[in-house]
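Could you put together the complete structure from these sequences and hints?
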Amino acid sequence: MDRRENLKVLLTGTVATGFLLSMGCGQDDKQKAEEIIQSGLYGRTPEEITQDKKLMSETFFSAKEKKIVSMISDIIIPKDDTSCSASEAGVPDFIEFMMKDYPKFQVPMRGGMMWLENFSQATYGKPFIDISPDERISLIDKIAYPDTADADMKFGVHFFNLMRNLTCTGFFTSKEGIKDLGYVGNRPNQWDGVPDAVLKKHGLAYDQKTLDQCLKISDQQKIAQWDEKGNLIG
Amino acid sequence: MSFQIKEQDKKYDICIVGSGAGGGMAAKILSEAGLSVAVLEAGGDYDPAKEEYKTQLKWPWESPRRGAGTQRAFGDFDAAWGGWEIEGEPYTHKDGTSFDWFRSRMLGGRTNHWGRISLRFGPKDFKRKDQDGLGDNWPIGYDDVKPYYDKVDKLIGVFGTNEGLANDPDGFFLPPPKPRLHDLFVKKGAAVAKVPVIPSRLSILTRKINNERGVCFFCAQCNRACQVYADFSSSTCLVKPAMQKGKVELYTHAMVREVITDEKGQASGVLYIDKKTLEEYRIGAKVVVLAASACETARIMLNSKSKTHPNGLSNSSGVVGRYLHDSTGTDRMAFMPQLVERERYNEDGVGGMHVYSPWWLDNKKLDFPRGYHIEYWGGMSMPSYGFGFGMDTMRKYLTDQMGKPTANGGYGASLKNDVRRIYGAMVGMSGRGESVPQYDNYCGIDPQTVDKFGIPVLRFHYKWTEHEVKQAKHMHDTFEDILTGMGGVILGEKPKADTDYGLATPGRIIHEVGTSRMGDDPKTSALNKYAQAHDCKNLFVVDAGSFVSQADKNPTWTILALSWRTSEYIIDQLKKQNI
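As you go down the protein sequences, you meet chains S and B in turn.
Residue 217 in the working numbering is what sits at position 217 of the first sequence, and the numbering runs on without skipping anything.
Residue 441 in the working numbering is what sits at position 441 of the second sequence, and the numbering runs on without skipping anything.
Calculated directly from the structure, the hints in this document are not laboratory data.
Fair warning: this is a prediction, and the values are worked out from it, not measured in the lab.
One thing to keep in mind: the hints can contain errors.
Listed below are the simulated EDC-like cross-link pairs for lysine to aspartate or glutamate, each with C-alpha atoms no more than 16 angstroms apart in a straight line [stated by the list, open to error]: (1) B:LYS188 / S:ASP227; (2) B:LYS151 / S:GLU48; (3) S:LYS66 / S:GLU88; (4) B:LYS151 / S:GLU228; (5) S:LYS229 / B:GLU163; (6) S:LYS222 / B:GLU212; (7) B:LYS276 / B:ASP45; (8) B:LYS275 / B:ASP451.
One-sided and incomplete, this derived list gives chain B residues near chain S with beta-carbon spacing under 10 angstroms [as the list claims (entries may be wrong)]: (9) MET382; (10) TYR423; (11) MET426.
Ideal Cβ placement from N, Cα and C applies to all residues, glycine included.
Shown next, in the form of structure tokens:
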């Protein structure tokens with residue numbers, strides 16, 4: 001397989017990345033890549049497809065619960081100068097799916113929301129979704145800091161930790177979140193070591209032995225040959 | 001459902017059970033010698049280049065669970081079909097002991113998702129009893145296997161460096177990739193701890209070795225299986241090429257129940273259940289080669305009882321299923337303050353570690369036998385389910401704009417920013433070591449449980465000894481030395497005696513071997529030094545069941561070398577009409 005064929009194989013089954021587009025990827029390829037993403041099929045076995053369809057056909061959160069999840073996820077990951085908020089990135093739908101995919105989340109999540117609801121009623125005489133943004137923040141402040149929260153707030157702390165975990169992971173594994181994070185991999189690349197400027201910043205360098213023995217990218221397509229002692233000679 | 005046993009029309013010279021590393025290699029070598037070969041695989045067909053199977057280069061958001069391991073044990077994009085638990089295929093435990101059994105039901109088996117760590121055993125690894133008086137020596141030595149390691153290196157491809165180490169032999173290596181940033185910190189820390197660090201040895205094509213397979217394009221996703229075949233898996237490098245040459249026929253969804261023997265006790269074929277139709281079939285063969293994985297092979301042998309083999313096939317010694325042993329393993333991680341707010345660049349590299357530490361100490365000065373190697377991980381890898389977790393305990397390691405420690409937990413724009421700042425600032429290390437094989441660690445047939453195909457299942461009995469526990473303790477001392485030496489803030493508590501120092505449950509490292517071990521004495525071994533059954537001359541085992549001891553190396557490269565060696569022996573014995 002030569003380099004062109006290598007790329008052809010890649011193109012037929014993957015996201016059309018910037019790298020590939022710059023290689024002159026045609027409209028057909030782009031369209032095919034889109035279809036694959038839209039289909040949501042990523043190497044699933046028939047049993048897995050059945051299971052995922054089943055999970056997606058079920059609903060865990062009530063409309064009110066979904067609204068609370070959405071509100072809290074946006075408090076945890078709000079919109080800022082770089083990217084959108086958690087709800088805009090689809091985090092509530094991801095959390096909904098995880099409740100069904102990992103049922104052990106269900107009781108702590110639903111129970112945690114009930115606890116918060118009681119807390120809101122006891123403090124402000126109103127449900128959590130009906131209190132003012134400032135009032136919401138003052139409730140959240142009591143459960144958002146595990147090391148300093150009052151002993152009787154631990155139920156809320158536990159719930160908020162779960163919400164924080166799922167919101168952060170949901171956001172930073174979304175398309176928006178990965179762009180925000182600046183992850184630039186998951187595409188054909190030529191790894192030739194840490195960029196010089198980064199090495200310099202950390203006061204590091206590759207020693208000569210490492211440079212001598214490591215791969216030279218320009219050799220990648222040359223078929224390897226050895227002498228009888230195992231030294232690379234071509 | 002019919003209970004009539006159907007005879008397949010075809011009879012073969014060779015019937016191979018299993019299509020992983022051992023079965024794949026046997027299929028290739030035996031078919032190339034002109035023999036007709038049937039390969040029986042208990043799972044489905046698989047080819048990572050085919051659209052319907054691809055998970056490589058997919059994004060986390062393409063999975064509704066963002067890559068979580070709720071369906072596949074190593075995450076939604078991992079190539080392995082199967083896992084620790086498979087519906088309808090249970091296993092049990094004796095006396096409250098623990099063993100976790102990982103199975104991949106697919107063409108190529110577990111070679112589709114493994115870490116590609118490809119280490120030769122060294123001269124000392126074959127003769128451990130000579131050094132510490134524990135366990136047994138292999139009936140063969142490094143010199144017997146070296147020619148096959150050499151051939152495997154050239155056929156399949158492995159990168160690494162010739163270091164001239166006594167027990168980590170040189171080979172025919174492709175050039176390794178340059179270290180990642182955290183590897184350079186690891187080297188610093190390891191130098192302080194006096195631990196050597198060398199380029200890793202992985203079966204990934206950093207350069208071309210032929211015109212059939214592509215080269216690595218550095219996506220760091222070998223565990224998803226490579227669509228250009230730039231990493232080794234049995235399906236892409238052995239079974240499929242052998243099938244293209246025409247002498248190999250593959251039976252998928254074929255769950256082998258037992259080996260059939262004739263009145264003289266010789267193997268005459270196998271009996272399998274077609275998982276799709278639940279009907280039984282029989283395949284005839286002159287030679288039966290078991291390569292179903294150490295434990296599955298022991299299960300088939302123990303379930304193959306007959307008049308001449310009342311104790312299970314070729315089990316007059318009673319050792320089949322015994323001496324089961326897995327590698328030891330434990331891990332630790334740290335936060336690297338120097339790596340906060342890292343500059344972004346594509347750091348994917350190859351799938352897995354770029355450097356590692358081979359075993360470096362002399363056991364005579366230690367309180368435990370056998371060694372371990374250390375694997376390193378870290379870097380700006382693709383975010384997946386779990387990324388961003390733990391800010392309720394991690395955030396205190398970050399300082400705010402005023403230089404003050406941040407409170408754990410929190411929310412809002414500052415939290416969002418701290419997740420960005422902490423990305424890529426974790427490093428970790430895993431010790432993988434050699435355990436001492438024990439007669440009393442075994443898998444046997446559970447007398448009262450069958451799987452959904454009616455096949456009696458395995459029951460495991462396994463306990464670590466003080467040797468492995470002390471080794472794990474030593475690993476953690478070393479980890480702390482290295483992590484401290486590289487300027488890391490070590491996370492979590494150091495495991496103590498109450499948890500066996502974090503020693504992983506047996507089976508978790510997925511290096512289980514030894515259940516039909518080879519030896520010169522038929523009273524204490526199931527196979528001879530060619531992995532031919534002592535009690536059944538036309539039965540061979542080419543998976544890790546034949547191992548006398550599992551070194552502190554990953555077993556795959558040795559499975560491949562020994563399977564090649566056994567295959568040549570089969571060809572020779574057929575020519576001489578000895579079998």
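Here's how the hints hold up against the structure:
1. Pair hint LYS188 (chain B) plus ASP227 (chain S) does not hold up; C-alpha atoms about 34 angstroms apart against a cutoff of 16 angstroms.
2. Of the supplied pair hints, the one linking LYS151 (chain B) and GLU48 (chain S) is violated, its CA atoms being roughly 39 angstroms apart against a limit of 16 angstroms.
3. A hinted pair counts as satisfied when its Cα atoms are at most 16 angstroms apart, and LYS66 (chain S) with GLU88 (chain S) qualifies at roughly 14 angstroms.
4. Of the supplied pair hints, the one linking LYS151 (chain B) and GLU228 (chain S) holds, its CA atoms being roughly 12 angstroms apart against a limit of 16 angstroms.
5. Proposed proximity of LYS229 (chain S) and GLU163 (chain B) is supported: the alpha carbons are some 12 angstroms apart, at most 16 angstroms.
6. A threshold of 16 angstroms between alpha carbons decides the hint, and for LYS222 (chain S) with GLU212 (chain B) the separation of about 13 angstroms falls inside it, so the pair holds.
7. With a C-alpha separation of about 13 angstroms, the suggested pair LYS276 (chain B) and ASP45 (chain B) falls inside the 16 angstroms cut-off, and the hint holds.
8. Restraint check for LYS275 (chain B) and ASP451 (chain B): the C-alpha separation of about 12 angstroms stays at or below 16 angstroms, so the hint holds.
9. About 5 angstroms separates the beta-carbon of MET382 (chain B) from the nearest beta-carbon of chain S, less than 10 angstroms, and the hint is met.
10. Taken as an interface hint, TYR423 (chain B) checks out: its beta carbon lies about 6 angstroms from the nearest beta carbon of chain S, inside 10 angstroms.
11. The beta carbon of MET426 (chain B) is not positioned within 10 angstroms of any beta carbon in chain S (closest approach about 14 angstroms), and the interface hint is therefore violated.
Going down the numbered hints, you'll see the structure goes against 1, 2, 11, while the others check out.
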